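Novice: Build the full structure now, drawing on both the sequences and the hints.
Protein chains: 2
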Amino acid sequence: MKAGMNSEQEILEQLKESGHRFTGKRKEVIDLFIEYKDRYLTAKDVYEHVEKVYPSISHDTIYRTLALLEQEHLIEELEYGDEACRYRLSCGPEHHHHLVCLGCGATKVLHGCPMEFMEIDQEDFTVVNHRFEIFGYCSTCRLSGRGQEGGGQK
Amino acid sequence: MKAGMNSEQEILEQLKESGHRFTGKRKEVIDLFIEYKDRYLTAKDVYEHVEKVYPSISHDTIYRTLALLEQEHLIEELEYGDEACRYRLSCGPEHHHHLVCLGCGATKVLHGCPMEFMEIDQEDFTVVNHRFEIFGYCSTCRLSGRGQEGGGQK
DNA sequence: CTACAAATCGTAAAGATTACGATTTACCAA
DNA sequence: TTGGTAAATCGTAATCTTTACGATTTGTAG
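Note that the protein sequences, when read in sequence, are chains A and B. Going by UniProt numbering, the first sequence opens with residue 1, and the numbers climb by one from there. Going by UniProt numbering, the second sequence opens with residue 1, and the numbers climb by one from there.
In short, the hints are calculated from the structure, not lab data. Hints are supplied without guarantee of correctness; some may be wrong.
One copy or any two copies: either way a pair holds, since identical chains are not told apart in the list.
Cross-link-like lysine to any residue pairs, in silico, SDA-like; alpha carbons within 25 Å at most [said to hold, decoys possible]:
id	residue 1	residue 2
1	Lys44	Glu79
2	Lys37	Asp124
3	Lys52	Leu66
4	Lys37	Gln122
5	Lys108	Ile120
6	Lys108	Gln122
7	Lys108	Met118
Fair warning: this is a prediction, and the values are worked out from it, not measured in the lab.
Specialist: Right under this line is the structure:
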């Protein structure tokens, strides 16, 4: 993915280039991610948004669309505790991690990756990937009292 | 939890102290975790083990037992990608992270926590917790060819 | 405009986890 | 040793997320 690819136009362009079609349902999904640019959304959020325009939208379509967008690196997935997975608009080709707000799903990019500081003997253990996220409450949610109930994350 | 609390005797003792009963089913669960001391196990693994001794064991019992043991900090939980959660015997009171083998669930303790290197403005974002794991293949799984198929973790 | 493959629908299955009333059991006290 | 009581467990089914699939619709190249 090219940096700065975040308009509906550019995203649909990229889908086309990789041999996929431009459909109204995909447009709705993409528009929602653009509207909540820095935020993680659940499949349910996406379903409910598209449902407003296409009342007969199928779950199958939502999940396949999410899989397609992730495969094209247009959105990023996050395993969100024991709740459902969440997705957000991809924020660039460079490797990064996030601060994630447990109240509203808003995110901030973290600079630096902890793997730089880890020394692992690759003879002993072949690293495939890693996971790093910091959870908490953004100032908006903290001030609105949403950060006082202990949080949903174990 | 006290350090080195890893015998069946000690664990049952601690359960008793916190007002819980010593049952044959709990003993089976604890024995399994002790047998696979450094390894993550799924609820299904636990269910199938206990089932051998108590063929009519209920799912409810397994999940409540796991929740109890986790609440008492006797086991640790890990969200394992889009698969089921996994649990392992707690390895001590001090904060730590793990290397996790995608082939067999074996783990190694990592020294040092990435949060030491992260500078976060607590005015801006109130940190509640964080998550850090490194996934890959241990030497045993790599040699047996289990690490060549691309791995199950996205 | 036509044809074909991609995309979607509608419905249901799969798998993990939780819920709950009824029953059994561990354990304290007599 | 024996009850009594609350905890633990059973059996069964619901819930929730995600996936599957044959039938149908639709985008798009030619």
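Novice: Compare the structure with each hint and give your call.
Specialist: Each hint tested on the structure:
Taking the shortest alpha-carbon separations for Lys44 and Glu79, both the intra-copy value of 14 Å and the inter-copy value of 20 Å come in at or below 25 Å. For the identical chains of this complex, Lys37 and Asp124 are inter-copy neighbours only, at 19 Å across copies versus 40 Å inside a copy, given an alpha-carbon limit of 25 Å. When the C-alpha separation of Lys52 and Leu66 is checked against a cutoff of 25 Å, the pair qualifies only within one copy, where the shortest distance is 18 Å, while the shortest distance between copies is 41 Å. Proximity of Lys37 and Gln122 under a CA criterion of 25 Å is satisfied inter-copy only: 23 Å between copies versus 37 Å inside one chain copy.
Proximity of Lys108 and Ile120 under a CA criterion of 25 Å is satisfied inter-copy only: 11 Å between copies versus 28 Å inside one chain copy. Taking the closest pair of Cα atoms, Lys108 and Gln122 come within 25 Å of each other only across two copies (13 Å); inside a single copy the shortest separation is 31 Å, beyond that limit. Taking CA atoms no more than 25 Å apart as the test, Lys108 paired with Met118 passes in both settings, with 23 Å inside one copy and 13 Å between copies.
Checked against the numbered hints given earlier, the structure satisfies every one of them.
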